[in-house]
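Asker: From just these sequences and the hints, can you work out the full model?
Residue numbers for the sequence shown follow the working numbering, so the first one is 1 and each next one is one higher.
Be careful, since some hints might not be right.
Unchecked claim - Below, a list of computed lysine-lysine pairs in the BS3-like style, where the Cα atoms sit at most 27 Å apart:
id : residue 1 : residue 2
1  : K412      : K82
2  : K489      : K458
3  : K486      : K503
As the list claims (entries may be wrong) - Per label pair, the in silico range of CB-to-CB distance:
id : residue 1 : residue 2 : range
4  : E428      : K755      : 47 to 55 Å
5  : K755      : T429      : 47 to 55 Å
6  : S630      : P861      : 37 to 45 Å
7  : K589      : T491      : 29 to 37 Å
8  : G620      : E41       : 46 to 54 Å
9  : G256      : F848      : 22 to 30 Å
It should be emphasised that the hints constitute simulated quantities derived from the structure, not laboratory data. Positions of the beta carbon are idealized from the N, C-alpha and C atoms, including for glycine.
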Amino acid sequence: EKGFIDSIQFAINGNQAVLEKDEKNIDITRLLLKNPLFPGEKIIISSPFRVRIPRTFSRFGHIKQSYQITQWYPKPAVYDSKGWHPMPYLDQGEFYSDFGSFDVTITLPDNYIVGTTGSLQNEKEMRWLDSLSAVTKEIVSNTKATNKDVVAERSSKKAKAENVVPSSKRLKTLNYKADNVHDFAWFADKEYLVMKSKVSLSNHDVITWAMFKEKSSSLWKNAIHFVDSSIHFYSKWVGDYPYPQATAVEGALKAGDGMEYPMITVVSDGFQGVKSLETVIAHEIGHNWFYGILGFNERNYAWMDEGINSFYENRYVEARYPHHGLLPANSVAGKLFDLTQYPRSFQNYLLYDFQANRHEDQPMNIGAAEFTTFNYAAIVYAKTAEVWRYLEAYLGRDYYDELMHNFFNQWKYKHPDPKDLRSFFEQETTKELGWLFDEIIPTNRHLDYKLKKIGGTKVIGSDTYQKLTIVNKGDIKGPYTVDGIKHNKITKEIWYEGFDGQKEVLFPKGNYDAFRIDAAMNIPEVNRRNNTLRVSGMFRHIEKLRFQWLGSLDNPKRTQLFFTPTIGSNNYDKLWLGFAFYNSPLSNKPLSFLFMPAYGTGSYKLIGVGEVNLQLFLPGDFIHRINLSSSIKSFSYADASTFGSEGEANFRFIKFTQQIKLNFKQPNARSTVQENLIFRNIFLRQDFAYLITPDLITNNFHRAINQLTYSLENRKRINPFGLSISIEGGSSQEGSFYLKTYVEAKYRITYSGKKSGVDLRLFTGTMLSDNSNLRYSNFHLGPTTGAKDYRFDEIYLGRMESTGWLSQQISISDDGGFKMRTDGMIPELGYSDTWIVAINSKAAFPYFLPVFVFADAGILPAMDIYSTLQFDAGIGIKLIPDIVEVYFPLIFSHDIRTNLNRTDIYNTWYKRISFTFDIGKLNPFELIRNFTF
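Answerer: Right under this line is the structure:
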């Protein structure tokens with residue numbers, strides 16, 4: 001079903017060519033000439049070929065009898081000043097082909113409607129398309145009207161059975177011609193509705209077409225106007241569209257929302273939203289100017305096409321819908337979450353800023369295949385669009401448009417590269433643009449100016465100026481504006497050239513409330529919170545405090561404190577209610593905090609969590625990021641019944657954690673490897689009690705734990721794996737001490753074509769020193785229940801429960817990882833104060849069922865009545881993978897089975913069920929902080 005191309009027999013001037021296969025790419029071959037081809041000479045290269053059209057899985061293909069014929073013929077590589085550019089087909093990165101003339105003849109059943117690159121040469125076919133256009137007008141203006149030809153053709157038994165319009169037995173041959181294009185694509189469907197229009201440019205008319213299915217007519221009924229508008233605005237801003245026609249078709253596209261080809265654009269079927277459809281049509285048609293006419297090398301310089309085109313896409317939307325912001329005007333969400341002030345283009349800044357503040361961004365000027373998947377969007381599309389908006393603001397829109405028109409007219413059909421673009425801009429303008437071509441485009445340096453101080457005044461002639469001290473805290477010397485602000489509006493704006501270090505600038509004296517760098521937010525700075533300085537008052541750098549429910553975008557004009565009510569429950573605090581306060585819901589701020597106090601309605605105690613996290617990014621090639629964090633967590637973990645008494649007493653724990661996490665830099669940004677070194681210091685204060693009948697004597701227990709862990713994780717899609725090595729030591733108030741080391745290795749054998757597979761885990765641990773008779777630090781084969789979680793790392797609904805469904809919650813991230821619990825077995829089974837080795841396996845069912853089978857085995861020193869080897873196995877259900885899973889142990893070693901039958905808490909099958917409820921993995925702050933894609 002993936003298709004193929006074969007029967008290729010290249011000939012040069014009629015003689016069979018000598019071929020040399022490419023060593024790396026099966027879709028590239030070299031034709032070896034017998035004699036050199038000198039300038040001015042020519043040869044004719046020809047070949048037959050046969051194509052098996054695949055079922056659509058990317059762009060080229062078919063769904064039933066709807067065809068999308070793209071990348072369908074052998075293409076000659078481009079030869080330019082840099083040599084040859086042979087390019088394999090990639091899932092990321094477009095193409096680079098040479099300009100030429102196409103004369104294409106297509107023979108197919110005569111009830112197919114065809115949209116293509118090029119101009120149709122058949123008058124009869126053109127008359128038929130014109131008639132279909134008239135029918136379509138009636139259909140889209142009257143929901144009860146329909147395409148009578150299609151209805152009639154669907155009435156046959158075969159058509160009803162296969163849900164297709166049968167192909168006509170009559171064939172037609174269509175001829176299309178195209179000049180000055182570097183590709184040819186065509187799309188054919190028997191059910192297309194057709195709309196036709198015309199756009200008049202300065203010296204010619206452009207015929208426009210839209211072709212779509214009747215089921216999409218409510219969405220596509222204005223598509224022809226979207227095509228017209230795109231041709232109009234791009235021609236106005238960049239240069240006249242030179243081709244005779246432009247077409248947008250609906251197609252079964254599997255790779256993205258749309259795809260551009262010369263003179264024709266395909267948009268995926270099933271698209272949602274009229275404005276979204278218009279945006280995609282505009283974007284894909286816009287590619288004609290950059291990918292199509294200028295012929296940028298998208299594979300090597302993706303930003304020149306996708307990025308610059310994204311800038312114009314945003315300009316198009318803002319021209320068509322001047323009041324359309326990041327969210328629709330008057331949207332409830334916009335008002336509720338303080339999002340009304342952001343323009344639509346701000347989405348590009350958000351994508352770029354997210355990566356830049358994590359120092360995960362890459363330079364714009366690298367090959368498409370070198371970008372991470374997320375950076376292809378965040379840098380190629382988003383950053384470039386923001387940088388071009390910055391350039392437009394600096395040069396002024398009218399002057400910028402004049403430059404782009406001149407560049408377009410000089411370089412169309414010539415494949416300009418970044419050097420050509422730079423040379424043209426620097427010849428045409430007196431503005432200094434080194435900051436753009438030397439600092440922004442080829443690097444991942446960042447822009448960040450700070451308004452440090454308002455000084456005195458200076459009189460020059462009859463004019464008075466305010467002295468302002470500006471600091472460049474970034475590493476790009478880009479131009480910037482200073483704005484005078486009155487009543488939150490810009491009253492004066494001045495552009496200044498960039499610099500390094502600190503500089504005093506002069507700004508015209510006036511009646512201002514504040515000064516602000518880049519008040520219009522045209523500059524893609526990574527930190528806009530240091531841009532404003534008020535003229536008077538206390539804390540002049542600090543913006544007005546805004547309490548914001550739930551979350552919002554980082555607003556540099558506000559000091560934001562976010563909050564949300566919280567609710568939860570455990571078996572001891574019962575229902576608890578509280579509030580969460582935090583400063584960073586969606587962004588990676590250098591300093592973030594979360595405080596979540598709550599009140600337990602069952603314990604009558606103040607409980608909750610708190611955390612402060614500081615991120616530091618280091619230059620160089622060794623350490624990428626350092627995270628310093630300090631946290632506190634306190635909940636009730638037991639009640640009087642835990643210690644054999646009655647009453648309403650509750651016992652709490654308080655956990656203080658200090659952590660340093662080093663994230664190591666990888667040599668390749670596309671690396672799927674994550675390496676970390678983590679040191680944790682944990683201090684625990686734990687209430688406990690013992691029963692001296694009839695009294696319950698309460699006390700508390702202190703212990704400290706230090707843990708150092710090196711972890712390596714390779715998140716590749718096929719057969720990912722991970723390794724962690726830890727050394728841990730702990731001490732308690734009575735002087736006991738332990739020191740142990742342990743290793744965990746994970747490996748997934750991925751099923752072919754699936755994300756799931758067989759998960760394998762190996763754990764081994766050795767006790768290096770232990771002078772304690774306390775058992776909490778011992779290794780165990782069984783799962784980690786609440787009672788065994790001596791570091792209080794996990795969240796348990798009933799931490800100390802020994803019976804009932806709450807006692808069946810487990811964690812399998814530590815030690816032996818068995819699924820069958822062994823707590824309460826007498827004598828204790830599966831504990832070791834010396835060494836342990838365990839292996840776990842989990843095999844998912846391959847057919848989308850949330851079911852898996854598991855098996856665990858482990859060895860440890862033998863006891864008098866227990867053997868060295870223990871095991872269990874069974875089936876499980878994934879409700880939320882790796883978070884909520886249910887285990888049904890069915891097979892056991894002899895020692896475990898013997899204990900099950902004689903222990904009340906395991907003597908029936910349902911008491912042996914275990915489940916994980918690892919809600920901690922859903923911490924949104926950690927998910928954002930550790931996001932990878």
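Asker: Compare the structure with each hint and give your call.
Answerer: Going down the list of hints, with the structure as the test:
Between K412 and K82 the CA atoms are separated by roughly 19 Å; this keeps the pair inside 27 Å, and the hint holds. Our distance criterion of 27 Å between C-alpha atoms is met by K489 and K458, whose separation comes to about 25 Å. Between K486 and K503 the alpha-carbon distance is near 24 Å, which keeps this suggested pair within the 27 Å criterion. Separation of E428 from K755 is about 51 Å and conforms to the stated range, judged on CB atoms against 47 to 55 Å.
Roughly 51 Å separates the CB atoms of K755 and T429, a value that falls within the hinted 47 to 55 Å. At about 39 Å, the CB distance of S630 to P861 agrees with the hint of 37 to 45 Å. One distance hint, 29 to 37 Å for the beta-carbon pair K589 and T491, holds here, with the actual separation near 31 Å. The supplied range of 46 to 54 Å is met by G620 and E41, whose beta-carbon atoms lie about 53 Å from each other.
Separation of G256 from F848 is about 25 Å and conforms to the stated range, judged on CB atoms against 22 to 30 Å.
When the structure is compared with the earlier hints, no violation turns up for any of them.
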